[in-house]
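Protein sequence lines, in the order shown, are assigned to chains A and B.
Per our numbering, the very first residue in the first sequence carries number 1; after that it's consecutive.
Per our numbering, the very first residue in the second sequence carries number 1; after that it's consecutive.
It should be emphasised that the hints constitute simulated quantities derived from the structure, not laboratory data.
Just so we're clear, the structure is a prediction, and the values are computed from it rather than from any experiment.
Treat the hints loosely; a few may be bogus.
Below, simulated DSS-like cross-link-like pairs (lysine-lysine); rule was C-alpha separation at most 25 Å, straight line [to be verified]:
(1) A:K216 to A:K226
(2) A:K38 to B:K249
(3) B:K229 to A:K38
(4) A:K38 to B:K177
(5) B:K112 to B:K156
(6) B:K112 to A:K38
(7) B:K249 to B:K229
(8) A:K5 to A:K226
(9) A:K38 to B:K159
Per the computed footprint, the stretches of chain A lying under chain B, defined by three or more beta-carbons under 8 Å from a beta-carbon of chain B, are [said to hold, decoys possible]:
(10) 41-51
(11) 65-77
Some chain B residues well away from chain A (every beta-carbon gap over 12 Å; in silico) [stated by the list, open to error]:
(12) R18
(13) G21
(14) K58
(15) S84
(16) I121
(17) K126
(18) V169
(19) T176
(20) T223
For every residue, glycine included, the Cβ atom is placed at its ideal position computed from N, Cα and C.
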Amino acid sequence: MSYTKRIDGRGIDELRPMSAKVGIIPRADGSATFQIGKTMAYCAVYGPRDLHPKFMQNPETGILRVHYNMMPFSGHGERVRPGGGRRAKEISMVMQNALLPVLDLRDYPNAVVDVFVELPQTDAGTRCAALCAAAMALADAGLEMKDMVCAVATGRVEDKIVVDLNYYEDSHEDGADLPIAVLPNSGKVTLMQMDGEMTKEQINECVTKAKEACKKIYEVQKAAMKARFAKRS
Amino acid sequence: MNQELKAHLLRALNKNIRFDGRKNLEYRPITVQYGISASAEGSAIVRIGGTEVMAGVKLETGTPYPDTPNQGNLMVNAELLPLSNPAFESGPPGEQATELARVVDRAIRESKSIDVHKLVIAPGEKVWSVSIDICTINDEGGLQDAACLAVLAALKNTKMPKLNENNDVDYDAEKTKEGLPLSKEPVEVTVVKVGDQFLVDLLSDEEKAIEARLTVAVTEKGTVCALQKGGATPLSPEDIDKMIEIAQKLAPTLRKAL
Numbered sequence: 001m002s003y004t005k006r007i008d009g010r011g012i013d014e015l016r017p018m019s020a021k022v023g024i025i026p027r028a029d030g031s032a033t034f035q036i037g038k039t040m041a042y043c044a045v046y047g048p049r050d051l052h053p054k055f056m057q058n059p060e061t062g063i064l065r066v067h068y069n070m071m072p073f074s075g076h077g078e079r080v081r082p083g084g085g086r087r088a089k090e091i092s093m094v095m096q097n098a099l100l101p102v103l104d105l106r107d108y109p110n111a112v113v114d115v116f117v118e119l120p121q122t123d124a125g126t127r128c129a130a131l132c133a134a135a136m137a138l139a140d141a142g143l144e145m146k147d148m149v150c151a152v153a154t155g156r157v158e159d160k161i162v163v164d165l166n167y168y169e170d171s172h173e174d175g176a177d178l179p180i181a182v183l184p185n186s187g188k189v190t191l192m193q194m195d196g197e198m199t200k201e202q203i204n205e206c207v208t209k210a211k212e213a214c215k216k217i218y219e220v221q222k223a224a225m226k227a228r229f230a231k232r233s
Numbered sequence: 001m002n003q004e005l006k007a008h009l010l011r012a013l014n015k016n017i018r019f020d021g022r023k024n025l026e027y028r029p030i031t032v033q034y035g036i037s038a039s040a041e042g043s044a045i046v047r048i049g050g051t052e053v054m055a056g057v058k059l060e061t062g063t064p065y066p067d068t069p070n071q072g073n074l075m076v077n078a079e080l081l082p083l084s085n086p087a088f089e090s091g092p093p094g095e096q097a098t099e100l101a102r103v104v105d106r107a108i109r110e111s112k113s114i115d116v117h118k119l120v121i122a123p124g125e126k127v128w129s130v131s132i133d134i135c136t137i138n139d140e141g142g143l144q145d146a147a148c149l150a151v152l153a154a155l156k157n158t159k160m161p162k163l164n165e166n167n168d169v170d171y172d173a174e175k176t177k178e179g180l181p182l183s184k185e186p187v188e189v190t191v192v193k194v195g196d197q198f199l200v201d202l203l204s205d206e207e208k209a210i211e212a213r214l215t216v217a218v219t220e221k222g223t224v225c226a227l228q229k230g231g232a233t234p235l236s237p238e239d240i241d242k243m244i245e246i247a248q249k250l251a252p253t254l255r256k257a258l
């Protein structure tokens, strides 16, 4: 089988329309939204602040905590029960690992930086949109960062490697899904997961295409951050 | 701390000044944005000043409760998201979230805002389940009134999904043009007593100093369809009478934003 035309008519490497805004939640220390197609992530950063319970405190460095959550009405189909499950827990953990390499929290011993991501509407690629929003929110919170974090879902649909899968591509019977986070300046990968079957060559193609796509995402993030600081002055 | 804040608030109120310069019975600017979540059957964001609350409606088919075989199911839930206020924590809904949801639930349910009898697919067997979720985005005070307005806006925005041949929802199909059977539009006005003054639409800092509050749900005809007294200070019957009167007078201000 050959996947010649994408379900929504996009080019094989084409991302869905993106938009981003920084500084959307005044109560938070940093905040941002990132939307790609119908997938939308809100992110708020609180901290560095006191960490409770105390046994979690690290006297050598501040810690990062990521909380990923889909709003109850954000799923395709039935209501998502609030409270999160194993999926949310795992995504929160891999997001933490994806963001931590660009931060240096040694200046904040015993403290925590909390990153809360909420998704009001979803159409696949949620952890990637969440990461794009979180990276901007961390920057907005004024934390020192060594690089940005950009993320996109790549994958295989039948015989083609595609970028930024939507729900129908993501749940395609003959396919695989490979979300990936790239640091745009160093080119390093900080998140990589895969669902489905692919050859080593196909995985390499995914990584190459993700790096290209992340350049475009990085531009959207930069523009949103500049707009935020233009507004302040 | 709160005593000092309260004294400060009262001193200012006696000079007819609130922290942000408003009058006692004046709301901050209210805006409503419809259809903010394509995943929901209906959704809206309400902003009252800096406070921002989202509500989403999910429609599913379910079995009716044994005591109401000819009525659809209705549920209101609220999440005080830790993203919206540094004091909110992750985890199951606490007292505040539960009260918020239940007071909105009462306004919608008891006004018979949704005609649940029209939500029956097969009597005694299959009905529509309307799940309404409230999510706070930015809390700068006055969540109760914003939440109720957001729920009403989301209900008005709702379009019924298509059913397949087994009478289950076909979420892949386009939604129908048909809305929910809505007959009443209750809005909630929370009136607060501080000292001998009455206030509405409190800021977070003002909320810390309140003595007693009364949330009054008012229909478009001006009738009252739900009440909730909050705070540990008692109210006199005269206070209550005055507070309901204020709520009835201000309800159209909120409804106008829809």
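Here's how the hints hold up against the structure:
1. A:K216 to A:K226: Roughly 16 Å separates the two Cα atoms, so the pair holds.
2. A:K38 to B:K249: The given pair, whose Cα atoms are some 40 Å apart, is violated under the 25 Å limit.
3. B:K229 to A:K38: Roughly 41 Å separates the two Cα atoms, so the pair is violated.
4. A:K38 to B:K177: Between A:K38 and B:K177 the Cα gap is close to 21 Å, so the pair holds against 25 Å.
5. B:K112 to B:K156: holds, 14 Å
6. B:K112 to A:K38: violated, 34 Å
7. B:K249 to B:K229: holds, 19 Å
8. A:K5 to A:K226: This hinted pair is violated, its Cα atoms lying about 36 Å apart.
9. A:K38 to B:K159: holds, 18 Å
10. 41-51: Held - the segment 41-51 of chain A has 5 residues with a Cβ nearer than 8 Å to chain B, which meets the minimum of three.
11. 65-77: holds (count 9)
12. R18: holds, 19 Å
13. G21: holds, 18 Å
14. K58: With a cut-off of 12 Å, B:K58 comes too close to chain A, as the shortest Cβ separation is near 4 Å.
15. S84: violated, 6 Å
16. I121: holds, 16 Å
17. K126: holds, 15 Å
18. V169: The claim is violated: B:V169 sits with its nearest Cβ about 8 Å from chain A, within 12 Å.
19. T176: holds, 17 Å
20. T223: The claim stands: B:T223 keeps its Cβ more than 12 Å from every Cβ of chain A (closest is about 30 Å).
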